[in-house]
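**Q** What follows is each chain in one-letter form.
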Amino acid sequence: MDPILFISIKVLFLGFQAMIPLALCAMGEVLAERAGVVNIGLEGILLISAFTATVGAYFFENAWLGILVGVFTGFLIGMLHGWISIYLKGDQIISGVGINLLALGFVAFGIIVVWGTHGQFSLRPEFTLKAQDFFSGWNVVLPSNAPGMPAQFLGKISILLPFTFMMAGVIWWILHKTTFGLRVKAVGENPEAADVAGIRVERIQMISVLVGAALGGLAGAYLSVDWNGLITRDISSGRGFISLATVVFSKLNPLLTLVGAFVFGLFDNLGLWLSTFSNFTVNIFGWEVEIQISNYFYFIRMLPYVVTLFVVAGVIGQARFPKALGVPYRRE
Amino acid sequence: MNNSIKAVLISIGTLLFIIGWWGFIQGNLGWETEDYRFDRVVSLLGIVAGGLLIGSVIRQGSLIRIIELKGILRPFFDVFAAVIVGLIVGAAVMDLFKFDPWLAYSSLFKGAFGDKYGWADTAFNATPLVLTGLTFAIGVRAGLFNIGAQGQMMLGAIAAVGIGSIAMPPGIHHMVTIMVAMMVGALWSLPAAFLKAKRGVHEVISTIMLNFVALWLVRFLALKVFGDPNRAEKTVSVLESTQFSTIIPGADVTHVVWISILAALLVYVVLWHMPLGYAVRSTGLNLDATRYGGMNPNRAMNSAFVLGGMAAGLAGATQIIGRPPVFALYGDLSQIATLGFDGIAVALLGRNHPIGAIFGALFFGALNAGLPLMQIRAQVPLEMVRVIQGVIVIVVSMPELWRLLNIKSHALKLKAAFEKPQKA
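Protein sequences appear in the order of chains A and B. For the first sequence, the numbering used here assigns the number 1 to the initial residue and increments by one for each residue that follows. For the second sequence, the numbering used here assigns the number 1 to the initial residue and increments by one for each residue that follows.
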């Protein structure tokens, strides 16, 4: 097998696997931010819905029902956040931070009281989406290059990947080609004018937040029920915040969130992949250099966060956010 | 207000009042009684709540009348409400999972305030929380959501481990360790400050990313660089010349607690009695007015970041040089795992005021101090406290919480009457 080909297929696979949660969260957040509501609580939504999806899959013994429970959880948390930040005119950032704090405690507590294990619970493989016979996704297999060599199994691409691409298109279409999308943008830019024009500002904002949060719930369910097949107390590990960075990267364009999510997801997954390596030797111009990956483990795990920080710092000057972002709308 | 509602409220108030008094008399038997169903402070709370309820109804007003007071009482009501809602939701969650909420809370209370060791434990747990709370509070005063206390605090802790193992005379060593930890914390806040000022990156994103980087960096340093060759689970202990001595023999609280209180007072003086603090608070209130007033909002924000980083670094140091008997950092970072995020709740509960942070830290310190007893007696997992904390923060973010009571007061009706003609 040509190593270059192997590496490039592996990289594509890693990126596609890890981009799904980031892209789903980010495109939902794009919709919400276009309507003028920031949801810092994405991290908490990911974490809680990953947990409830696992609970659902465990008790209903069906991965799809687990995913559904996850989406519904995201929807409910979105309702709480929307209610506080849109109807009660509360502080959006504090509400989101509160959701994140609540998620940290709730999931750690829930794993203990539901399964009696500390910090982690693995679903039985047949209850994960990976093991479904029907619409479960596609195996990525590298064919063997020499007779007698077995084919290499890289992993599985989830059925949610095409769904993610489709959703990006749908949200772009809603934003730019429908009346609802026009209203969303109007509400985000100038809620007073939108209100005068007869648009129900709060309702539009609430719908946007709910859609965004439900997509976040789907992303959380993907993390536990599909990708990892297990729930840990820190399964989201900053992905909610990385997807907020993806929103910045995409300049609030749902289609560009796919690109951003692929880049960030690649580094996210690359770190996880590299940290499973054992030591290996490289031949550089005749010198045998032994690379002890275990010494670099901690620095490899930093990779996604450092890359996110640098990319956001490089990109953000060009991003333009809606004028009324983060400001609760009050009728005067 | 309806007469029947009045009657119900008055009877609830009277009931609370009577039960409170009875409990207070029972509780006088002492702390050692096994029957802690009616402890002194709980019953006092009952008396106060009952009295307020009766008083508010009799005085012709309603709950909202008192709560809408523009005076000094208003913030206390909001905070009190948030705590109560947090505890109630916590009780509901415990009930859901078949734990005994009353047993849990009463053992929590006994663990935190039951005897002098309980009080000592509360103070010990509150010490770092005051400081991480200060980080968030200073940020909010400058209009920033600086949630980077977690990473800055971790680096401060590992810096204290590093400096603490270099031989120096006592006294000077204490000072040097604290100074270096504060500087390292401030250094770790600089990238966020720079990105905010020069590139406009929202501080929530940058500080969270820095927190994760710090987490892995500190894990690396704690296990690979400063690891104890004799005991794998912790770093080397700091030298005796930088260890703080305990206040009460047998309890964990050390004299480092005074440094924490001193820091809160210092931040108060800086924010309210110095030009720098004026610029910081002005930046948080109105950016344009600050600029027009001849101050530099960017500089004020940077100072807020640096001050916050110093407080967070100090918080990390207190967990090393004020942590008997090991005076070291555990490799799994369990002793500092959530301090930074707890600080957010502390600051919000203290209304983002440095002095308020002390009380907020006392509350959450008490929760943490009571945890072991709660776990032993009621078998409730430790994580319960994080649930309560999250709920409290969510409730604090609701400014018009009292509208939810749905009691139509005269004030509200008047307001509505005034608002209607303006809309047309």
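Hints are supplied without guarantee of correctness; some may be wrong.
Stated by the list, open to error - Cross-link-like lysine-lysine pairs, in silico, BS3-like; alpha carbons within 30 Å at most:
#, chain 1, residue 1, chain 2, residue 2
1, B, Lys110, B, Lys98
2, A, Lys251, B, Lys198
3, A, Lys156, A, Lys323
4, B, Lys224, A, Lys323
5, A, Lys89, A, Lys156
6, A, Lys89, A, Lys10
7, A, Lys10, A, Lys323
8, A, Lys251, A, Lys89
9, A, Lys185, B, Lys110
10, A, Lys89, A, Lys185
11, B, Lys110, A, Lys89
12, A, Lys185, A, Lys10
13, A, Lys185, B, Lys198
14, A, Lys251, B, Lys98
15, A, Lys177, A, Lys323
16, B, Lys198, A, Lys323
17, A, Lys177, A, Lys10
None of these hints come from the bench; they were simulated from the model.
**Q** Taking the hints in turn, state whether each one holds.
**A** Verification of the supplied hints:
Between Lys110 (chain B) and Lys98 (chain B) the CA atoms are separated by roughly 21 Å; this keeps the pair inside 30 Å, and the hint holds. At most 30 Å may separate the alpha-carbon atoms for a hinted pair to count; Lys251 (chain A) and Lys198 (chain B) meet this at roughly 18 Å. As the CA atoms of Lys156 (chain A) and Lys323 (chain A) are separated by approximately 42 Å, the hinted pair breaks the 30 Å bound. Proximity of Lys224 (chain B) to Lys323 (chain A) is assessed by CA-CA distance (about 48 Å); at most 30 Å being required, the pair is judged violated.
Between Lys89 (chain A) and Lys156 (chain A) the CA atoms are separated by roughly 44 Å; this puts the pair beyond 30 Å, and the hint is violated. Taken as a hint, the Lys89 (chain A) and Lys10 (chain A) pair is broken in the structure, with Cα atoms around 47 Å apart against an allowance of 30 Å. At roughly 41 Å between alpha-carbon atoms, Lys10 (chain A) and Lys323 (chain A) are farther apart than 30 Å, so this suggested pair is violated. Straight-line distance between C-alpha atoms of Lys251 (chain A) and Lys89 (chain A) comes to about 26 Å, which keeps the hinted pair within the 30 Å bound.
Between the alpha carbons of Lys185 (chain A) and Lys110 (chain B) the distance comes to roughly 54 Å, so the proposed pair goes past 30 Å and is violated. This hinted pair checks out: Lys89 (chain A) and Lys185 (chain A) have alpha carbons roughly 20 Å apart, not beyond 30 Å. About 38 Å separates the Cα atoms of Lys110 (chain B) and Lys89 (chain A), which puts this hinted pair outside 30 Å; it is violated. For the hint linking Lys185 (chain A) to Lys10 (chain A), the alpha-carbon distance of about 39 Å lies beyond 30 Å, and the restraint is violated.
Between Lys185 (chain A) and Lys198 (chain B), the direct Cα distance comes to roughly 28 Å. Compliance with the 30 Å bound is thereby established for this hinted pair. With a C-alpha separation of about 48 Å, the suggested pairing of Lys251 (chain A) with Lys98 (chain B) is violated against the 30 Å cut-off. In summary, the hint linking Lys177 (chain A) to Lys323 (chain A) is supported, as the alpha carbons are separated by about 21 Å, within the 30 Å threshold. A threshold of 30 Å between alpha carbons decides the hint, and for Lys198 (chain B) with Lys323 (chain A) the separation of about 20 Å falls inside it, so the pair holds.
As the CA atoms of Lys177 (chain A) and Lys10 (chain A) are separated by approximately 37 Å, the hinted pair breaks the 30 Å bound.
In this structure, the earlier hints numbered 3, 4, 5, 6, 7, 9, 11, 12, 14, 17 are contradicted, and the remaining ones agree with it.
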